[in-house]
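Chemist: Dock chain B against chain A, hints included.
In the order they appear, the protein sequences are chains A and B. Going by our numbering, the letters in the first sequence line up with residues 1 to 100, in that order. Going by our numbering, the letters in the second sequence line up with residues 1 to 555, in that order.
Rather than coming from a laboratory, the hints here were simulated on the basis of the structure. Since the model is a prediction, treat every value here as computed from it, not as a measurement. Certain hints may be false.
[Stated by the list, open to error] Calculated lysine to aspartate or glutamate pairs in the DMTMM-like style (CA-CA distance at most 25 Å, straight line):
no., chain 1, residue 1, chain 2, residue 2
1, B, LYS97, B, ASP137
2, B, LYS97, A, ASP27
3, B, LYS97, A, GLU81
4, B, LYS97, A, GLU40
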Amino acid sequence: MSPRFTPKVVTANALLEGDVVYLTADDRWSREHREAELIEDEAHAQLRLLDAQAQRQVVVGAYLAEARPGPDGPEPVHFREAFRTRGPSNYAHGKQERHV
Amino acid sequence: MYKYSDFDEAFVRERVAQFSQQVARRIDGSLTEDEFRPLRLMNGLYLQLHAYMLRVAIPYGSLDSRQMRQLAHIADTWDKGYGHFTTRQNIQFNWPKLTDVPAILSALADVQMHAIQTSGNTIRNVTADHFAGAAADEIDDPRPIAELLRQWSTDHPEFQFLPRKFKIAITGSPHDRAVTRAHDIGLRMVRDADGAPGFEVIVGGGLGRTPLIGHVVRPFLPQADLLAYVEAVLSVYNLLGRRDNKYKARIKITLHETGAAALTQMIEDRFAELRGAYDGTDQRLLAQIRAAFGRPAFRQAPTDPHERALANPAYRAWADTNLVAHRNPDYAIVQVSLKAPGATPGDATSAQMRALADIAETYGHDELRISHEQNVILPHVHKGDLPAVHAALKAAGLAAANIGLISDIIACPGMDYCSLATARSIPIAQAIATRFHDLDLEHEVGPMKIKISGCINACGHHHVGHIGILGLDRAGVENYQITLGGDATETAAIGEKAGPGFAYDEVVPAIERLVRAYLALRLEPGETFLTAFRRLGPAPFKAALYPEERDRDAA
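Isolated chain A (complex conformation) (with noise of 0.2 Å):
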């Protein structure tokens, strides 16, 4: 038997700012990780990934995350994927200048 298929999130970075996104049910690019679609399928999940992929003018290299249910909507799993819904730990910059 496969390992069960852990819930993912699509996530890239946006072209023009760099800015980390996420990839939304509603086919639009978030920059909020809550608010990223979560997908418990595997074959959805690549499907996904194929959509985001062919957005080249719009994201730079996307991939599919592992991220979990919270109430507000999807958490990250990996540490990596927290910081990248924040920003640096050494000043308030990235995504939590705008959250202060």
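Modeler: Relative to chain A, chain B alone:
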């Protein structure tokens, strides 16, 4: 300082124009990312974790006040008001937008700077001793040779697609401040039996995944043969280096797979072929370049303001740690620390860059250097001006008296910025520096090099730190491996792994145990950590790092 020739100027402007068009074609969809990526890397533009990053070359770490002010202007106009100086004497801007990069490159060209060959599988920015031209212990200024290498390697048609990146470091002093033994080619100036200067040529050093100390392929190479010999090394590597596996593609692996003796012979054979093709043009060019690196017009003035100021303890502490002997006894080399405890190692705000530019212009013969240890150097300051320089640095938050001490930490950007990183480096550096500052221990500890990398690529030089820290991802958690006994100087050594890694929160207490053990073990305050480690071996230091193991063994 070298000033661009018409050729340099036209070349850099043309490259800006080319890249501006490439950016436009990427944005309008004519270029895919796969097509654009190698083009942007050739021009120093990376896509990192949160944003693009532009790496700007500071050739051999030298710049003047006008260039430093332009970096400040770029930081304010197109970035977030600061820049990050790197272990390869470059500056990185962490937040440029793709659409702004052509304007940034154009602004750089206005002050004879560029971002060419700061990435990609090419010959990268040549690094040099940051005290070049000023050090009391120097044989000769290595910067003219570094500039010759810059001109020769820039857009060199044969070496634009090497198996892997290629880094050259050069020092004019027997004391190696340029980590020449850990570069693809290290050039260390030495004298022959007749006293003529030449180079010890070291090949195949490097850090990263496979840390190796370089091999001396030529104990003495006459200066006039340098370019032909470097070309021979590159040309042998270009043919032999592996392109099938990027982890085995650096020349250090080529050297080990081929054998040092065989590779040395191939280099010598190729050198014999190439040497005749060098008809002296390179030496004529070198003579022109050399003229641009003339000594500044040193001032004759009393030095007693400095001697009087030494009565002030804060000034004295700064003078003791941050000043270095200049070849002119009335002058000093000033090291400006970008490591105030709690600060991000290597970061300078635009205001600090402007302050440094003003100080260099007023008191420093308009020269600035960036060190591979991520600090700024004022290479020529008259001793009579030192109190004024100290006061100006203090006003800019740049008077930290900690050069060479435990808080003067090298740290790569790590997972706070870098897309390759496996863990964070910066907050570890900040926490260690803050802890030892709070303990007021760093002057008692004395000379100590802590170097931190956020991944195995070792941009933070952790292998050659007296204490090295390597951040890894262990099953989805940040974990830090400690190495001991590394050395970046002419007595270069790769540090040895101490044992199992530490969790993020355990690193500072572990370093504190290590340092306290050293203080208890040293014979006298003059015995440095590295000397004590070499005398005692790793056992007592490992025991301090892993007390639970010691307790278990004792039970």
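Chemist: Is LYS97/B within 25 Å of GLU81/A, Cα to Cα?
Modeler: Given pair LYS97/B, GLU81/A holds - Cα atoms ~22 Å apart, limit 25 Å.
Chemist: Are LYS97/B and ASP137/B close enough, with their CA atoms no more than 25 Å apart?
Modeler: The hint is violated at about 44 Å.
Chemist: Given the hinted pair LYS97/B and GLU40/A, is their Cα-Cα distance within 25 Å?
Modeler: violated (34 Å)
Chemist: LYS97/B and ASP27/A: Cα distance at most 25 Å?
Modeler: Holds, at roughly 24 Å.
Hints 1 and 4 from the earlier list are contradicted by this structure; the remaining hints agree with it.
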